[in-house]
Amino acid sequence: MKATVIVTLKPTVLDPQGMTIHRSLASLGLTDITDVRQGKIFQIQLKTGNREHVERLAKEVLTNPVIEEYRIVWEQ
Amino acid sequence: MKFGVVIFPGSNCEHDCYYVIQSVLGKAVEYIWHQDTSVKGFDAIILPGGFAYGDYLRTGALARFSPVMTAIADYAKKGGVVFGICNGFQILTEAGLLPGALLRNVGLKYLCKFEYLRTETTDTPFTNLMTKGQLLRIPIGHGDGNFFADADTLKRIEDNGQVVFRYADANGQITPDTNPNGSLNNIAGIVNEQRNVMGMMPHPDRSSEEILGSADGKLIFESMVNALVRA
Chain Y
6 MKATVIVTLK PTVLDPQGMT IHRSLASLGL TDITDVRQGK IFQIQLKTGN REHVERLAKE
66 VLTNPVIEEY RIVWEQ
Chain R
24 MKFGVVIFPG SNCEHDCYYV IQSVLGKAVE YIWHQDTSVK GFDAIILPGG FAYGDYLRTG
84 ALARFSPVMT AIADYAKKGG VVFGICNGFQ ILTEAGLLPG ALLRNVGLKY LCKFEYLRTE
144 TTDTPFTNLM TKGQLLRIPI GHGDGNFFAD ADTLKRIEDN GQVVFRYADA NGQITPDTNP
204 NGSLNNIAGI VNEQRNVMGM MPHPDRSSEE ILGSADGKLI FESMVNALVR A
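So the sequence lines, in the order shown, correspond to chains Y and R. Counted the way the working numbering counts, the first sequence spans residues 6 to 81. Counted the way the working numbering counts, the second sequence spans residues 24 to 254.
Treat the hints as calculated values from the structure; they're not laboratory data. One should not assume that every hint holds.
[Unchecked claim] Cut-off 16 Å, straight-line C-alpha distance, at most; resulting in silico cross-link-like pairs (EDC-like, lysine to aspartate or glutamate):
hint, chain 1, residue 1, chain 2, residue 2
1, Y, K45, R, D78
2, Y, K64, Y, E74
3, R, K132, R, D167
4, Y, K7, Y, E60
5, Y, K15, R, D173
6, R, K63, R, D97
Turn these sequences into a full structure, and let the hints steer you where they fit.
See below:
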């Protein structure tokens with residue numbers, strides 16, 4: 006079984022990297038894009054599919070709850 | 024009186040701290056390896072600057088799981104004096120020993136320059152030799168020093184007088200222009216509620232002798248010695 010953990014900054018937290026990416030888009034003419042937020046993804050392999058282990062990894066290691074939030078996408 | 028300086032894989036300011044304690048202050052100091060499980064016998068512990076665990080995942084995030092951090096959390100809970108400088112500050116927030124978090128600098132640049140810090144409280148073991156409002160000239164060297172906390176936490180930190188230093192100008196004025204990295208309320212350093220744990224982004228270890236351009240940082244280490252003598 007595989008899991009993908011997606012970590013993003015909370016909406017209330019400023020994202021200087023995303024803002025910089027967004028600002029640089031002007032020169033490409035991609036004017037429809039109004040916002041870019043940068044995050045991280047983690048691809049996890051599981052031996053037996055113990056979802057609790059992934060939940061704990063996401064919550065206790067991959068995310069700093071002061072500034073970030075996560076969601077998990079499960080695959081077969 | 025014995026200081027301890029923790030070494031994580033990737034720490035790079037441990038010798039600066041060791042040198043200040045031993046050669047500038049003339050006090051006993053030993054290194055503490057991050058795999059150690061006890062901090063018994065130390066009167067104060069310093070978490071130095073650097074890039075513990077290569078800053079992988081988030082700054083300070085993986086250092087939190089080093090065995091020594093369990094001992095340091097216990098030590099802090101019992102009132103032990105703990106001081107995190109730069110990466111050490113980041114580690115203390117990740118470990119939950121200090122509130123808030125350090126985000127990427129607003130300008131994205133790694134900043135390495137002198138700053139003026141305004142002393143906001145003298146009621147800590149780190150600032151007891153200063154006067155309120157005293158300016159210290161101390162350099163920063165970081166890419167992730169942008170202090171953030173949610174609105175409730177920030178209010179609590181401010182109301183409790185937990186802000187120790189703010190980035191100021193040479194006259195002690197606090198404005199957005201004197202904020203190098205986007206930190207909320209120009210915060211450069213804070214203490215915990217019990218006031219025995221401090222973290223700051225600027226480097227007093229790089230400014231404790233005039234030959235380095237400023238000896239203002241020495242006041243922080245001398246305050247620690249003063250607090251330990253009185254204790």
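Comparing the hints with the structure gives:
no.	hint	result
1	Y/K45 / R/D78	holds (15 Å)
2	Y/K64 / Y/E74	holds (9 Å)
3	R/K132 / R/D167	holds (9 Å)
4	Y/K7 / Y/E60	holds (13 Å)
5	Y/K15 / R/D173	holds (10 Å)
6	R/K63 / R/D97	holds (11 Å)
Consistency note: the structure conflicts with none of the earlier hints.
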